[in-house]
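J.: The residues making up each chain are set out below.
2 protein chains.
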Amino acid sequence: MTTVLKLGGSVVTRKDEPETVDETNLERAAAALADGPGDLVVVHGGGSFGHHHASEHGVSTTEGTHEAVGVTDIHGAMKRLNDAVVAALQRAGVPAVPVHPFSLAWRDADGTLHLPADSVRAMLDEGFVPVLHGDVVVHAGRGATILSGDELVVSLAGSLDADRVGLCSDVPGVLDDEGTVVPRIERFEDVADYLGGSEATDVTGGMAAKVRELLALDAPAQVFDLDGLAGFLDGADTGTVID
Amino acid sequence: MTTVLKLGGSVVTRKDEPETVDETNLERAAAALADGPGDLVVVHGGGSFGHHHASEHGVSTTEGTHEAVGVTDIHGAMKRLNDAVVAALQRAGVPAVPVHPFSLAWRDADGTLHLPADSVRAMLDEGFVPVLHGDVVVHAGRGATILSGDELVVSLAGSLDADRVGLCSDVPGVLDDEGTVVPRIERFEDVADYLGGSEATDVTGGMAAKVRELLALDAPAQVFDLDGLAGFLDGADTGTVID
Numbered sequence: 001m002t003t004v005l006k007l008g009g010s011v012v013t014r015k016d017e018p019e020t021v022d023e024t025n026l027e028r029a030a031a032a033l034a035d036g037p038g039d040l041v042v043v044h045g046g047g048s049f050g051h052h053h054a055s056e057h058g059v060s061t062t063e064g065t066h067e068a069v070g071v072t073d074i075h076g077a078m079k080r081l082n083d084a085v086v087a088a089l090q091r092a093g094v095p096a097v098p099v100h101p102f103s104l105a106w107r108d109a110d111g112t113l114h115l116p117a118d119s120v121r122a123m124l125d126e127g128f129v130p131v132l133h134g135d136v137v138v139h140a141g142r143g144a145t146i147l148s149g150d151e152l153v154v155s156l157a158g159s160l161d162a163d164r165v166g167l168c169s170d171v172p173g174v175l176d177d178e179g180t181v182v183p184r185i186e187r188f189e190d191v192a193d194y195l196g197g198s199e200a201t202d203v204t205g206g207m208a209a210k211v212r213e214l215l216a217l218d219a220p221a222q223v224f225d226l227d228g229l230a231g232f233l234d235g236a237d238t239g240t241v242i243d
Numbered sequence: 001m002t003t004v005l006k007l008g009g010s011v012v013t014r015k016d017e018p019e020t021v022d023e024t025n026l027e028r029a030a031a032a033l034a035d036g037p038g039d040l041v042v043v044h045g046g047g048s049f050g051h052h053h054a055s056e057h058g059v060s061t062t063e064g065t066h067e068a069v070g071v072t073d074i075h076g077a078m079k080r081l082n083d084a085v086v087a088a089l090q091r092a093g094v095p096a097v098p099v100h101p102f103s104l105a106w107r108d109a110d111g112t113l114h115l116p117a118d119s120v121r122a123m124l125d126e127g128f129v130p131v132l133h134g135d136v137v138v139h140a141g142r143g144a145t146i147l148s149g150d151e152l153v154v155s156l157a158g159s160l161d162a163d164r165v166g167l168c169s170d171v172p173g174v175l176d177d178e179g180t181v182v183p184r185i186e187r188f189e190d191v192a193d194y195l196g197g198s199e200a201t202d203v204t205g206g207m208a209a210k211v212r213e214l215l216a217l218d219a220p221a222q223v224f225d226l227d228g229l230a231g232f233l234d235g236a237d238t239g240t241v242i243d
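Chains as they are written, first to last, in full-length UniProt numbering: chain A, 1 to 243; chain B, 1 to 243.
Extracted from the complex, chain A is given alone in its bound form (with noise of 0.2 Å):
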């Protein structure tokens, strides 16, 4: 049984204050992950400490930088991050590590993530809870752009052949335009209308993105804020089903 979970920037930072640690949320998140399942791999978003250097740099998921200050101000904002939610991990009982996606990944000419997971999954098989990030990646033909937390998790659903994918956000799951969870999506179409673009400057895409890359995997995802996540770790349907 593997699982991967998202705990998406917006939970692990306070998004408004530049390299800020929402230090809160991420023990409530570890307490809840300290119970949780076996095979568990954790990507967290960048928040406050990753879109900033992106926007300073100019540097997007299609628009790149063959600067290496540039590579390594975003890449070292979000390692300490990472460091951060590691060792929160860590103090809570979870055997975490931390595994840097610029070391990597790569995307080809045409944008496409290549990101082998076997050291991934040697990870999980000793036991450990491989912990990844948001991060910036280089790109044939671009230098580097930015990897999204949301895509690293639809390639490791797939490549890890995934049982359950958690989202863990700052909403209750997918909302409709009365504001009420919907419960469950099987086609884009369902809640096309009701998904605008993120209201707070996000590179990498809001709601409309997830769901779509979410909807393309084999294995069920979920959409949920922290107060359901222990219940996602329990096995339970949370927020919203998206199958």
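It should be emphasised that the hints constitute simulated quantities derived from the structure, not laboratory data.
Certain hints may be false.
[Unchecked claim] Computed spacing ranges between beta-carbons, pair by pair: (1) A:H114 x B:D35: 31 to 39 Å; (2) A:P37 x B:A192: 47 to 55 Å; (3) B:D108 x A:G235: 30 to 38 Å; (4) A:S55 x B:R187: 56 to 64 Å; (5) B:E56 x A:H66: 35 to 43 Å; (6) A:P37 x B:G141: 20 to 28 Å; (7) B:F188 x A:S55: 49 to 57 Å; (8) A:L215 x B:G111: 36 to 44 Å; (9) A:D16 x B:D16: 45 to 53 Å; (10) A:H66 x B:S55: 38 to 46 Å; (11) B:L215 x A:D234: 52 to 60 Å.
Using N, Cα and C, we set each Cβ at its ideal position, and we do this for glycine too.
Please build the complex by placing chain B on the supplied structure of chain A, with the hints as guidance.
T.: Frame of chain A; chain B shown alone:
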């Protein structure tokens, strides 16, 4: 033309002082690399950063740990050193970017190292200089063991089909029993009598192990010190040639 260069832990750190970068040496090396060849991969050793933590947790290339905190202690120290090396190279104008081996490598139950080099190749193709380092590595059945810089050099030289391999350490080459540099080694037996163990504590083996590994490469390798680095990068034969 692809070059793999190792900067030994004895070059970039003060081996006798815990977690201390040798700034003078590092700046000299960075200045030499600024005029370096096109496709260049740099690997650095652990010196006073990695070995201390490895010893403390009882971890070696064969003795592993399943403690996540042990993994991050060693890995974190090596990333701090890598930050310093990458920053020094960038200051000298080298488009250096970090690659953390723990993220992408793994050992199987036989201890054989698997290191997919596609991301490193993609970085080279975009004009970056990937900078790897001795690290921990997940090891099937043993948790995580140590991955030496020398093993990385051997693996990358093979997978990147390197044309030249250089090992810059604190000795001007492989020395005979009178302290004179042996200009050329073609078989281990040529120098077996001269090569004892390394004097300092070194979890990853001394010169004997290096020579054996370098002899197994397709590419010619050279062992030299900082005085020989600029010459090596210019294409000259410096120190000891192992071929």
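J.: Hint by hint, say whether it matches the structure.
T.: Outcome of the hint check:
1. For H114 (chain A) and D35 (chain B), the Cβ-Cβ distance of about 33 Å falls inside the hinted range of 31 to 39 Å, so the restraint holds.
2. Between P37 (chain A) and A192 (chain B) the C-beta distance comes to about 53 Å, which sits within the given range of 47 to 55 Å.
3. In this structure the supplied range 30 to 38 Å holds for D108 (chain B) paired with G235 (chain A), their Cβ-Cβ distance being about 32 Å.
4. Between S55 (chain A) and R187 (chain B) the Cβ separation comes to about 57 Å, which falls inside the hinted range of 56 to 64 Å.
5. Taken as a hint, the range 35 to 43 Å holds for the pair E56 (chain B) and H66 (chain A), whose Cβ atoms sit roughly 40 Å apart.
6. The hinted window of 20 to 28 Å between P37 (chain A) and G141 (chain B) holds, with their beta carbons roughly 22 Å apart.
7. For F188 (chain B) and S55 (chain A), the Cβ-Cβ distance of about 55 Å falls inside the hinted range of 49 to 57 Å, so the restraint holds.
8. Separated by about 42 Å at the C-beta atoms, L215 (chain A) and G111 (chain B) satisfy the suggested range of 36 to 44 Å.
9. The hinted range of 45 to 53 Å is satisfied by D16 (chain A) and D16 (chain B), whose Cβ atoms lie roughly 47 Å apart.
10. For H66 (chain A) paired with S55 (chain B), a C-beta distance near 40 Å keeps the hint of 38 to 46 Å intact.
11. In this structure the supplied range 52 to 60 Å holds for L215 (chain B) paired with D234 (chain A), their Cβ-Cβ distance being about 56 Å.
The structure fails none of the hints (numbered hints given earlier).
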